[in-house]
Amino acid sequence: MEEKYSKDETRTIRTGIAAMAVILIAVFVTISHNASIKGKNLGKTYNVYASFGRTDGLDVGDAVRMSGVGIGRVVAAELDENFNSRLTLEVASQYKIPEDSSASIVSFGLIGGKYVEIEVGGAEEYIKPNGSISYTQDSMVLDELLDRIITLGQSKRKASKVTQTIGDEDE
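Numbering-wise (our numbering), the sequence shown opens with residue -13 and increments by one.
By construction, these hints were calculated from the structure, which means they are not laboratory data.
Computed from a predicted model, the values in this text were never measured in an experiment.
Keep in mind that a hint or two might mislead.
[Said to hold, decoys possible] Straight-line C-alpha distance at most 30 Å; calculated DSSO-like pairs for lysine-lysine:
id	residue 1	residue 2
1	Lys114	Lys100
2	Lys82	Lys30
3	Lys114	Lys30
4	Lys82	Lys100
5	Lys30	Lys100
6	Lys82	Lys114
[Claimed, not checked] Derived CB-CB ranges, DEER-like:
id	residue 1	residue 2	range
7	Lys(-7)	Glu105	25 to 31 Å
8	Asn68	Gly117	14 to 20 Å
9	Pro84	Asp124	19 to 25 Å
10	Ala63	Ile3	28 to 34 Å
11	Gly29	Met6	35 to 41 Å
12	Lys30	Arg143	54 to 60 Å
13	Pro115	Arg0	50 to 56 Å
14	Ala63	Met6	29 to 35 Å
15	Val46	Met6	28 to 34 Å
16	Gly29	Ile135	40 to 46 Å
Don't be surprised by glycine CBs; every beta carbon is placed ideally from N, CA and C.
Based on the provided sequences and hints, a complete structural model is requested.
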């Protein structure tokens, strides 16, 4: 005996399968993308340092990117005298980083790994080997991001209720 599913059940199953496929593809792309930087021979390199208050989820070997292009990798992480995380970034020597550039820790997506993104500045002078990136932005923790979104939603709901109450009083 063959059991048949209703149209709604079939649609739900197909949606679930499609969602799982998208998630698996995203994970595969993230892993292969990060692995391509980790295994990449950068040739001649120089080190640049950057200090962050938080580096949650970033590991030694993760990518360093500038304008979306992989230019290096994180080769060391240690605590500095102020208990910040001091990263050593190995950058291919063909890439020069303007002195006023900034570095931030971003993720490939909700489920993806993290990497260091360098936002290019406009200075004509470049960071010298063993120099430091002065402007940094810490890693965003998913819990904090969700808290911010919930707080924004709650404040909008309260503002909406206040506006509705004022409108009721005018009538």
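Q. Which of the listed hints are not met by the structure?
A. 7, 10
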